[in-house]
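Engineer: Sequence:
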Amino acid sequence: MQTEKLSEYFLLQHRVGHGQGNKWSSILMGTFDSIFETKPCPYRILHQTSTSEVYYEISCALTESDILKDWEWLAINLDLKIFENEEDITEFVLCKIKSLVATNLSEIPDEENSEAFKDASIKFHRLFNVSRDSNLVCYYSCSYLKGIIPRQGWIYLSVEYLCFHSYILGKEDKIVVRWIDVVNLEKTNKIISDTIKIKTRDRREYSFCMFLHSSDTFALMQQLVNLAMKGLINNIWFNKDHNLLQKLSKNVSKQQSFVKRDLDARAMSELYRLLFRLPLSEKLDGIINAMLFTPYDKKHVWGQVYLSQNFMCFNSKLKHQLNVVISLRDVLLVEKFEKVHNDSSFDNAIIITMKLANSNDKPPVFILSHILERSFFLKKISVLLGNLETRSTSKRQIIDSMSDGKMRQPLMYTFPTKERNDCMIKIKQRTKEVEWDLYFKEHGKGVSMYKTKELIRMVLMGIPDSLRSNLWLTFSGAYHDMVANPGLYYELVKTASNTKSISHDEIERDLHRSLPEHPAFQSEIGINALRRVLTAYATKNPQIGYCQAMNIIASVLLIYCTEEEAFWQLACICENMLPDYYNNKVVGALVDQGVMDNLIADHLPFIHDILYRLGLIQMISLSWFLTIFLSVMPYQSAIYIVDWFFFDGAKVIFQVALSILEMNQKRLACCRDDGEAMQTLCNYLSGIYNEELEQSEVYKDGDKMDKSVSVQELINNGYKKFKSVTSTTIENLRVMHRLKVVQSLEDGNEKNIVRSLVSDNYFSSDELMDLLKFVREEVFSIQKRIQIQPTKAETPMEPYETYKIDFYLFEKMFIAISPLAQNNGANNLAVRLFKLMDMNDDGFLNFRELTAALGLTSTVDVSMRLKMLYLLHLPPLLSDDLLSLSDPILSESGAEYASDAAEYFDINISSDTINELNLNDLKLLRHFVNWKQTSKTPQVCLPSMSEDRFVALCKTMYGLIENVPVNQEMHNNISKISAILLELGNFNKEELIKSDNQKNGKWFINLEQFVATALTLQKMIEFIGPRANISKALNELRHN
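Residue numbers (my numbering): 1 to 1040.
Honestly, I wouldn't trust all of these hints.
What the hints assert, rightly or not - DSBU-like cross-link-like pairs, simulated, lysine-lysine; straight-line CA separation at most 35 Å:
#1 Lys336 with Lys453
#2 Lys494 with Lys339
#3 Lys197 with Lys585
#4 Lys585 with Lys494
#5 Lys299 with Lys445
#6 Lys317 with Lys339
#7 Lys773 with Lys721
What the hints contain is simulated information worked out from the structure, not anything from laboratory work. As the structure is a prediction and not an experimental result, all values here were calculated from the model.
I would like the entire structure built from these sequences, with the hints used as guidance.
Structural biologist: Here is the structure:
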């Protein structure tokens, strides 16, 4: 370090080699720092007394200006002459600095990031100039493959960005990629090093290698890009969970970064919820190894215990051996279980006693043993039990229209089919019921039953009709949501009955097309029940509302479940089991089509080639998946697939689909075109029968169909042959295909926006695309910060309404792009222009309104720009209150700007305060700017301008030339315009007096007079007339 300044007690030092351009000392130092990540701050201030050899670093900074500010503060604020000895001086200086640091600490809870990580975070923000809101997650040493020679450096992964920096012998490389712009992410395995490749929306490709742990890095990248894609789909973005800091934990390895710990916790919670079918609100609190005593066979099973805020779950380490879910709200007591007669199998054991369901029953218990930290584990459970919310047990409110008891029972009892009355079928059903009762007796019943291999066999054989509702609720996890929200369904039904919406209209159209072959839906009773379930769900989740296929699923659910049970089952399918399937773009189903394509290629390559030749890859599975096969095969058969689906999750629909294709391999090979192949599959699916109904014929649309295969054989074939298709495999493939589908939808949306706006003639297609990309980046950043609520699915939207900007982003863009904004009063014009173009007064501009605002002030001909300048000084855009401000330079201090902005946004919030006159005047001005040459109606005439508003207009024109280097000629031009217009105004006043015989006429000018006068001055035209360079302005905005 080199000393730059020196005083009696302080010295300011500068790092040797820093800022010395291309000198070898600077180049070598930069290379060394880049490779080894050892870059200290280049400036520092040390404290030392003359009698001590110890130096204390009290300040450091990245720039010279920052360190000089600290130096000046020390000189002004620290008077050290009052101390008599140097030890007191040192003690005072150190205490003062520590107190300043403590005072400036953020109020955000300490995130316990390592010091090395904090330094890396500072460097990340300094190097790449990203928003301070961007949270660095992790950073890794790696090489960037650019040309022949790899560039060694560091890759920084944040929630929003992937960034890379390298500095080798004077050559610097910087890469900044937003996760929302990534279209492909893949890892290739090579002999020397794995390579991670990234492709972006602008067709750029980046390759990185030489990672120490490439798999971990790639997994984190996948997680971050998946978060970005889910944000694009649902407009729900990442927010740090500070509750993680208060979690009681032990023997947990700490990551460098709090955000990384948060992301790891989220990933583990997602797997935990998937494994045990738990509500989306559950967060995994901890995992511990233990043994569970199984009373039905008197054995101890080794596995893991999972804890969350409402559940304790056990999963054996042997695949499909044992799975148990214990609801903490049903726990009566948890205590130590002391071993008997030196039996080591019960070492470090606890016993969990459940609440009694029936006073005559013996309370069920669970015994966990070999818990290493038993005391801590008990403490953890006691904390969770203490935090349980006390839920109201008040009686559910049931609306009058549902008072009939039959309305609350499954429709199969009200409308029995002829099959239910068949003696053989009744015997088969009763045999199954007895088998299930025996299982319940040994393994428990309800949520906390022991789920074993035997249970898998029984579900594969089909669940008895009488047990379906309870077991579906238990297996799917819908039971937990239903119990947590007693009476909610009936409240939603009541709300929906008094509401009209687009979703309700769509539901009405589909009601009579829902399982019309069943007698329940040939009756108003069944139709009304279906209506209530679908409208209640549309009310509960307006972001989904209603989607075709939901009616098919709900109608089958109602046959076997009560209305409330069917409602919660439907919610579970739409929100948990098949997420994003039923939004307005069916993103989830499109993603799973891509997943299915991969699975067919891996497991059935011959069939994949056939389907690819016939063009059926993306066609066969959509209707299968959306309705869980209920719309493509007899529901009495498909119901067995639904049984298995609720038990084993979404992977079932892939296993069944693969089984169908595998069984039709020869038939598909003989097909000559896609139509024949589709008909072959359709006939095969229509002929799938239920073994219980073997004596019954299979019909479709009244026609008798040939039987193809039993649904039991189909499911067993899928389970046995495609067991390797696991939930983990599907989730990994979904990440990859979600990326492709979402970006494809985004590309299509952008093209539609540009296509719809290019006819407005404000910008070219390329300029519109540049503007759209910039707005897209900024809008997503804003949405992440303020968490804008997603729009309702039923809200009709034009493509350009997808992106909306607030005033502050508009102001930034207006000042950067428009020639009319090159003055100190630009803020005032921005407020008025925003108010003018906000056509629905919602406080935002959609993309069409934005392009119109910028186009009218930066790309249209000069006469139109002059008209806009005139218009922006008319009421109510320029209010009378602002005109009364006497100081012409008020806008420089921000007072006028603040007043104008406050006035608009206050009115916007309290729209009732807008008086009718102002509203009509604003409509007139908006009609003027929206008028097109092709319009059949004549263009409206703008009102005349009063003298005080003309003075304000002149001030604005003078403000335009304040920053022009040689402005005398322009000043003279504006003076000439003003003088001519003043004379015209006086002439108008006199003419008005003559025509109306008035003594006191008002001074005024009109639009045509202003524009015609201004156009006589060539310099004025040259100054405000040039077309704005959009690309240049946006690039400057990005780098500011």
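Engineer: Hint by hint, note whether the structure agrees.
Structural biologist: Results of checking the hints against the structure:
1. For the proposed pair Lys336 and Lys453, the alpha carbon gap of about 30 Å is at most 35 Å, so the pair holds.
2. Taking the CA atoms of Lys494 and Lys339, the gap is about 56 Å. The hint is violated against a cut of 35 Å.
3. A C-alpha spacing of about 28 Å is found between Lys197 and Lys585, which places the hinted pair at or below 35 Å, so the restraint holds.
4. A hinted pair counts as satisfied when its Cα atoms are at most 35 Å apart, and Lys585 with Lys494 qualifies at roughly 29 Å.
5. A C-alpha spacing of about 19 Å is found between Lys299 and Lys445, which places the hinted pair at or below 35 Å, so the restraint holds.
6. Our distance criterion of 35 Å between C-alpha atoms is met by Lys317 and Lys339, whose separation comes to about 24 Å.
7. Among the hinted pairs, Lys773 with Lys721 is inconsistent with the structure: their alpha-carbon atoms are about 47 Å apart, more than 35 Å.
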